[in-house]
Amino acid sequence: MRGEASYSITEGVNYVNAAIHQNEELAEINHRGEYSFEELTPIEQDRLRALWFSELNLADYVLLLGEEGIENVQFDVVDYTVMKFRTQPGRRQFWDSVKDSWGGSEELYHRIEQTQ
Numbered sequence: 001m002r003g004e005a006s007y008s009i010t011e012g013v014n015y016v017n018a019a020i021h022q023n024e025e026l027a028e029i030n031h032r033g034e035y036s037f038e039e040l041t042p043i044e045q046d047r048l049r050a051l052w053f054s055e056l057n058l059a060d061y062v063l064l065l066g067e068e069g070i071e072n073v074q075f076d077v078v079d080y081t082v083m084k085f086r087t088q089p090g091r092r093q094f095w096d097s098v099k100d101s102w103g104g105s106e107e108l109y110h111r112i113e114q115t116q
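Residues in the sequence shown are numbered from 1 upward in steps of one, following our numbering.
There may be inaccurate statements among the hints.
[As the list claims (entries may be wrong)] Quick list of in silico lysine to any residue cross-link-like pairs, SDA-like style, CA-CA up to 25 Å: (1) Lys99 - Leu64; (2) Lys99 - Tyr109; (3) Lys84 - Glu106; (4) Lys99 - Gln22; (5) Lys84 - Leu26; (6) Lys99 - Leu65; (7) Lys99 - Gln45; (8) Lys99 - Val82; (9) Lys99 - Ala50.
[Stated by the list, open to error] Beta-carbon label-pair distances, calculated as ranges: (10) Asp79 - Glu38: 24 to 34 Å; (11) Glu68 - Ile43: 36 to 46 Å; (12) Asp46 - Arg92: 16 to 26 Å.
Don't read these hints as lab results, they were simulated from the structure.
Backbone N, C-alpha and C define an ideal beta-carbon position, used for all residues, glycine too.
Please work from the sequences and hints to get the whole structure.
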């Protein structure tokens, strides 16, 4: 199971990285969005929303694996994701706009909100 989990996480990280690095337009939107999500056009926000939810879902999956006793399967995706959503102004704007309807784990919610 550990090998499968590690592979799944690697695939998730590769998906997010490929989405940014193989698409110059999305990379540029991501870069601007990290500074201000609100200044993006509605279409740019939708594209970035899909990418950033993928990042949040991947971090949530790693937390779930940890709850199941599978740890250290790869670098700490959770801490890296939490740090980005806490410190980058645009990601924070995005998070503040979706956190009340967040359907993921309470654990990730509290880590981003620093309430744990």
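A quick look at each hint next to the structure:
no.	hint	verdict
1	Lys99 - Leu64	19 Å, holds
2	Lys99 - Tyr109	7 Å, holds
3	Lys84 - Glu106	18 Å, holds
4	Lys99 - Gln22	29 Å, violated
5	Lys84 - Leu26	17 Å, holds
6	Lys99 - Leu65	22 Å, holds
7	Lys99 - Gln45	16 Å, holds
8	Lys99 - Val82	13 Å, holds
9	Lys99 - Ala50	15 Å, holds
10	Asp79 - Glu38: 24 to 34 Å	26 Å, holds
11	Glu68 - Ile43: 36 to 46 Å	38 Å, holds
12	Asp46 - Arg92: 16 to 26 Å	19 Å, holds
The structure is inconsistent with hint 4 alone, although it conforms to all the rest.
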